[in-house]
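Participant: Let the sequences and hints guide you as you build the complete structure.
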Amino acid sequence: DDGDSDSEVDVASNKDCAAKTKEARDAGDLTEVSLQLQWVSQAQFAGYYAAVAQCYYVDEGLDVKIVEGGVDIVPQDVLASGDVDYAISWVPKVLGSIEQGAQITDVAQIFERSATTQISFKDKNITKPADLKGKAVGSWGFGNEWELFAGMQEAGVGVGDINLVQQAFDMNAFLAGDIDAAQAMTYNEYAQVLETVNPDTGKLYTPDDLNVIDWNEVGSAMLQDAIWAQTEKLSDAAYEEQTVKFIKASIKGWAFVRDNPEDAAKIVAESGSELGTSHQLWMTNEVNKLLWPSTNGVGVIDEAAWKQTVDIALHTKNETGATIITKEPPATAYTNEYVEKALAELEEDGVDTKGADFEPITVELKEGGK
Amino acid sequence: MREGRGLTLAAFLSRFRGVLLGVLGVAAVVAAWDLYKAFGPEQGVLVGDTRILPRTTDLAMPHSWEMLQRFGEPVTSLRGAPDAFSAVYDASMFSLGLAARGWVIGVVVGLVLALAMSRFRIVESALLPWVVLSQTVPLIAIAPLVRRWGSEIEIGGYTWTSQDSVAVIAAYLAFFPVAVGALRGLKSPDQTHLDLMHALGVGWWRTLLTLRLPASVPFLLPALRLAAASAVIGAVVAEVSIGLKGGLGRMVIDYAVAASGDPAKPWAPIFGAVAIGLVAAGAVGLLGLVLRPFRLTGAPR
Amino acid sequence: MTHAASDPTAGHAAIQVRGAHRVFGKGRKRVDALSAVDLTVAAGEFVSLIGPSGCGKSTLLRLVADLDSPTSGEISVFGKSARQARLDHDYGIAFQQSGLLPWRTVAGNVELPLKLHGINSDVRRERVEELLELVGLTDFAKSHPDQLSGGMQQRVAIARALAESPRLLLMDEPFGALDEITRERMQNELVRICAETGAAVLFVTHSIPEAVFLSDRVVVMSPRPGRITGVVDVRADGMVAAHDRSAGAREEEGFFRAVGEVRSLLHGTPEPASAARGVDNR
Amino acid sequence: MTHAASDPTAGHAAIQVRGAHRVFGKGRKRVDALSAVDLTVAAGEFVSLIGPSGCGKSTLLRLVADLDSPTSGEISVFGKSARQARLDHDYGIAFQQSGLLPWRTVAGNVELPLKLHGINSDVRRERVEELLELVGLTDFAKSHPDQLSGGMQQRVAIARALAESPRLLLMDEPFGALDEITRERMQNELVRICAETGAAVLFVTHSIPEAVFLSDRVVVMSPRPGRITGVVDVRADGMVAAHDRSAGAREEEGFFRAVGEVRSLLHGTPEPASAARGVDNR
Amino acid sequence: MTTVASAAPARDTRARLPITDVRWSTVLAPLAVGVLVLVAWEWVVDAFDVKPYVLPAPSAIWTQVTDHLDSIVKGARVTGRNALIGTLAGAVLGVAGAMLAGSFRFVDQMAAPVVAALAVIPIVALAPVLYSMFGAAVDTGRIIVAGISVAVPVYLNTLRGLRQVRQVHLDLMTACAASRWQVVRTVTLPTATPYVFTGLRVASSLAVIAALIAEYFGGPIGGLGKSITSSAASSNYPLAWAYVSGAIVLGLLFYVVTLLVELWFSRHHRPS
Ligand SMILES: Nc1ncnc2c1ncn2[C@@H]1O[C@H](COP(=O)(O)OP(=O)(O)OP(=O)(O)O)[C@@H](O)[C@H]1O
Ligand SMILES: Nc1ncnc2c1ncn2[C@@H]1O[C@H](COP(=O)(O)OP(=O)(O)OP(=O)(O)O)[C@@H](O)[C@H]1O
Ligand SMILES: Cc1ncc(C[n+]2csc(CCO)c2C)c(N)n1
Ligand SMILES: [Mg+2]
Ligand SMILES: [Mg+2]
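Protein chains in written order, with the working numbering: chain A, 6 to 375; chain B, 10 to 310; chain C, 3 to 284; chain D, 3 to 284; chain E, 2 to 273.
Just so you know, these hints were derived from the structure itself, not from any lab. Note that the structure is predicted; figures quoted are calculated from it, not measured. Check the hints yourself; a few may be wrong.
Stated by the list, open to error - Not close to chain B: a few residues of chain C, all C-beta gaps over 12 Å, as computed: (1) G13; (2) G27; (3) D70; (4) G81; (5) G94; (6) Q98; (7) T107; (8) G110; (9) K117; (10) R129; (11) L136; (12) D148; (13) E191; (14) S248; (15) F257.
Stated by the list, open to error - SDA-like mimics (lysine to any residue), calculated; alpha carbons at most 25 Å apart, straight line: (16) K31(C) to W25(E); (17) K129(A) to L55(B); (18) K52(E) to S39(A); (19) K117(D) to K52(E).
Virtual Cβ for every residue (Gly too), placed ideally from N, Cα, C.
Facilitator: So, in structure tokens, the structure goes:
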């Protein structure tokens, strides 16, 4: 491990690919491409890691370097400033940046569904947004809070009506009862709770102990992980072509994750993720549920969903009374042009890009995610 | 000076009294921790609504031996995963390396500033307030900026890496005590000594080398030690901030995810940070041994 | 070790101060540290400056050493400007606080002037040996200053002042920090050393017996403005030239006569009214 | 302001030291700071201790003040143990560094002993006024020590030592840090104050003229081990009792005779060979 | 055991304020530098069309400051309250601990490694576990973090101050047969006070930073730290820097207030 967040994915599990990559690199056949993640390495980004490990990028002539994120890293700004070629970020977070002058475009909406939920213990009786009133409600901030606020606003609960608490990386505040309803990604924090021993029973918590408010069901879900590209460079044919190739290989990676969740989890772990094995697999499986089955093919931006996201971004107020954006985003904010090309090519190659008969696996979480 | 055998233990005790008491002090803290955990109320001690003593649940306060034990266990259940001790050790060394780079940069910058300020009064009045002000800027706010600006830099074949950013951020904390301490040190020589140099017709540079630098050592050493501790803190904060892989900062983020199921785990990087902080400060302390003659006061016997 | 013979500037007085004024501050804070001071020190002569605190003794000495410049008036050292004399290393200087560098050994302190002036190390070693012999500290060459007593430190400082065999020594209360018994011993030493080197000395002190015992002439000063109020020629009181005195000189009649003279010159100036109520004029 | 008349312990000597030993350290580091010291100071008597550095002057004074205890031997103050005398506030003490508390005003420093002993504030104020009058610092009551000259600081320290009208004053080189001219003035003051209060004084000094000028008797000590080598009765040399002297006493013949006697007692003890080469024995 | 004493009158040996003689240049020079830097900064951003996510222009930041002054002040109040309570608690703890360590050598030696460890713990590592221990929905964790960052320098400085007590003063107290408590009140504490303040001065702006960084890791919403991250997360860098300037001003405020308290205190004890 060279200890650098600009680290390359070092995949030992696939010897063939490692050799192939080296060969192609030495021959000078590859174009260097960098991808900025939104957070540190974990199965949330399994598709991209798999695409590297399975040589899908190399097959497209791309030498992809995955750059991890951090607490203070704003992927869309790293992209807008030209430090990387593509970035993964949530649409609501980027809409604000676009209004601030970042010229970037959503070229593939990888996650179709939102993974953000608000969870609470059964005894708190919080089953719908209206129940949050007067409660200690956790949120991470950093742009992760808008679905919560939108859901509450819909139900007539203002930000001032709750005791809003900044949530840490861990779920201890929730478990200790400091927070009544905590924000939880289905693929991460929800699992963290289920990996913890319930002191009352001596066994792990189960889904039966929890009430979950799912923003997809409430109707305030917003679009999450998408691949973003630099708007200006999209007028450059080479970059356009490269974008198609990048999307194509990425989706192929995600298809691999769908079909081989165990292997995918292992690939991510080998990329340096410190998460426990069962936790990693859980995350892989949950992330799969966000993509598959896909309505229009993975990556296609659904206009209704986009509109819902923009609407919420325009009208939801946070604790200071601000909204994400004050005016409609420019037309360049998203395009299906490249993803459709990529899907067509994948179709030709016989890759299933809809996963209509996708069935999630069952993952047993171990204590501490081990 | 012949001593009976019976005396050796007493002599040993008196010589290592400081060390023994130090160990005892740490033991007392550990004992207090476990005793409180054993007998303190589950929800801690509250005065009104304010909790003044912590909760004693396993989640809030793992047993001290669990934290220790945790070091012997593998980090993940992945085959070939290193035990937590070696993981923390590696991360600590990585962070220590970055802190050392930051320290060196900070020391150089601090010294240059101090030299300029001690040479020209106007530079001192113009810069010193800003040097003080610089330390009121929250580190986390500048970390992403440093990374962003750094990525614009490309000198020759060298491209800026995130490691460089971390080192620079560590230097941002480290330069301050050095600048202030060295300034005081450089201005510390007695008028008598300065008069002597003048009477000998010696210029500024020779005076600097013969008098001011040696005279600044007693001020510089504590400053360098403080800078070492600051550099470690800066490096860890910066790692958290920009998510740099390999060090303790990143380990804080990674292990936090396991905090609920494995409450002892997040303590590992804390111990690592304390250890390298002490190592860094101690290493600079060794420098003090080398420079011992310069710490003499010259007061007559 | 006397140099006058081979010196082109021989014949000049060691120090010549003419109409020197030195004013510090301005407006209400103006202090006339020195006013219309005239003073000549002949080559090889030992002259002491004495007077209450603040009368400008140090200021005068610093003007001669070119550590400060006069507001008006002229100062020449061996016929050159004070600045030129400083750059030519024409004088050696010793201060009240011995001013040794604590991190250098005794030898290192003594050789400092030589080293700074680029004398090569063999010559330096030899000279340092000679000097330490002179001040009786050969055995302490490798000690650090804080291992020495105050008196020994002062001897090191004197050795350092003598390092370049200057024909003029400037000393600002070099024994001020010593107890009286050590001090008397140091005075005896200084007489011996001056006799051996034949240097002229300008010596600042607060002590009447010290001034009288050491000097050919004692210059008495008074403050506000700092000026010379009188000069006592100790030789005229029947004592031998300063270089030739022995410890016993302190018991001679001429000594007591000169002490009395200096004391009355010092206290004779009518004191301000407040002094009677006990406000001393430091 | 003398108290002897109304005092039950009157008739006792102020200080009686019998066979006092004080040893510091052990093994190779053992120092015999005091060895077999006998000394009696009568009530109202002024006795000076003089001797080279390290001869045990301060140690002896500290034993009397009960700031330290003898290894063997007996010390009584006004017939009581030193400890009892301290607890009874039987003495006042003044140190070389005046030892004023810099954060208290002059008045605050002077009243400190009274305050510590719970004297009420009206009485305190009156007494402080009296004392400041005595030392001539009435106008400086509200000043802080760092605004005073060294001489004035020492006067404050003396006033503090006198605060409880002790019949015994212990003074450890109180004028050591002053220049000679200020020092002579302070000596004159001290003579006057002692005459007014009639207290006995044990006075440590390095200065021969000071000891002679101030004292009824001068006790000469020598080091390693610290012991008394002689006592000079100044009155026997033809001077009046210490309390009755004037500044002019310094010009009297008896003064010079006593100075000579003390000097020869001090230097007369054969010095170690090294001293001739200039190693002073501090 | 030397008789060599400086001829200077008994100087107040206590640590001095960092205010030497105030001249025009000491006020004007830093202001000139500040103005120069601001102007150059504005010019660079303008001339090279620097994007706000690289470097926002001072004018843009200023606009945000004026637009969001309410919210900045509100945030500063929250963060400042935590820092203030932490500072006070830390100072009391530091002084009390130092007095204990000053009176009993074994306490000092036992505490040494613990204090050294506390001095090098990064807040980022400590904050999360403190939230677990003391609760994440309250400010306690933040206050403790601020308290620790104050207590350590105050402890170390006070201890140093206590060691400056001069032997003469102790001798004087013995000679006056003063009680233990009288010694503490008349000599020990006054000697150490300026050192306490030196420690406080160093620590005061640290407390603000500590309280602010702790906000990154949880706790009630409303402080400056949280506002900085929210604005930065939505790429509103001028606003983020407006909050950062709020934090800087708050840190300076703490510094200046401790300085003034120190001045007042030394005045109170020593009218010049
Ligand atoms: N650098 C200076 N700035 C302002 N005033 C000064 C300076 N140096 C000396 N003075 C003033 O000049 C006067 C003479 O000072 P000087 O040091 O020559 O006296 P001195 O005779 O050496 O006294 P002492 O015996 O105390 O050393 C004093 O009033 C002093 O305050
Ligand atoms: N606390 C102590 N521990 C060890 N040795 C001591 C101590 N106090 C005094 N001594 C030693 O005892 C001897 C006498 O010391 P003392 O201070 O009484 O001398 P003094 O005559 O007062 O000297 P000075 O004139 O320098 O004040 C010295 O050799 C000194 O080193
Ligand atoms: C400061 C900070 N705290 C917590 C999270 C947690 N979090 C929220 S969403 C998500 C999945 C990745 O986007 C994760 C890990 C964060 N991102 N930033
Ligand atoms: Mg002078
Ligand atoms: Mg003594």
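Participant: Against chain B, does G94(C) hold up as non-interface, every C-beta pair farther apart than 12 Å?
Facilitator: Not fine: 9 Å to the nearest Cβ puts G94(C) too close to chain B.
Participant: Is K31(C) within 25 Å of W25(E), Cα to Cα?
Facilitator: holds, 18 Å
Participant: Measuring Cβ to Cβ, find out whether Q98(C) lies farther than 12 Å from everything in chain B.
Facilitator: violated, 8 Å
Participant: Compute the least Cβ-Cβ separation between D70(C) and chain B, then decide whether it is above 12 Å.
Facilitator: Its Cβ does come within 12 Å of chain B, the nearest being 9 Å, so this is violated.
Participant: Does the no-contact call for D148(C) survive, Cβ to all of chain B over 12 Å?
Facilitator: violated, 5 Å
Participant: Should the label of E191(C) as a non-interface residue stand, given a Cβ cut-off of 12 Å to chain B?
Facilitator: holds, 17 Å
Participant: Checking the smallest CB distance to chain B, is K117(C) really beyond 12 Å?
Facilitator: violated, 9 Å
Participant: Non-interface claim for G13(C): all C-beta distances to chain B beyond 12 Å?
Facilitator: holds, 25 Å
Participant: Is the claim that G27(C) lies outside the interface with chain B correct, judged by CB distances over 12 Å?
Facilitator: holds, 18 Å
Participant: When you look at the beta carbon of L136(C), is every beta carbon of chain B farther off than 12 Å?
Facilitator: Since the minimum Cβ distance to chain B is about 20 Å, L136(C) lies beyond 12 Å and the statement holds.
Participant: Does R129(C) really sit off the interface, with its C-beta more than 12 Å from all C-beta atoms of chain B?
Facilitator: holds, 15 Å
Participant: Quickly compare the C-alpha distance for K117(D) and K52(E) to 25 Å and report which way the hint goes.
Facilitator: violated, 70 Å
The structure shown violates the earlier hints numbered 3, 5, 6, 7, 8, 9, 12, 19.
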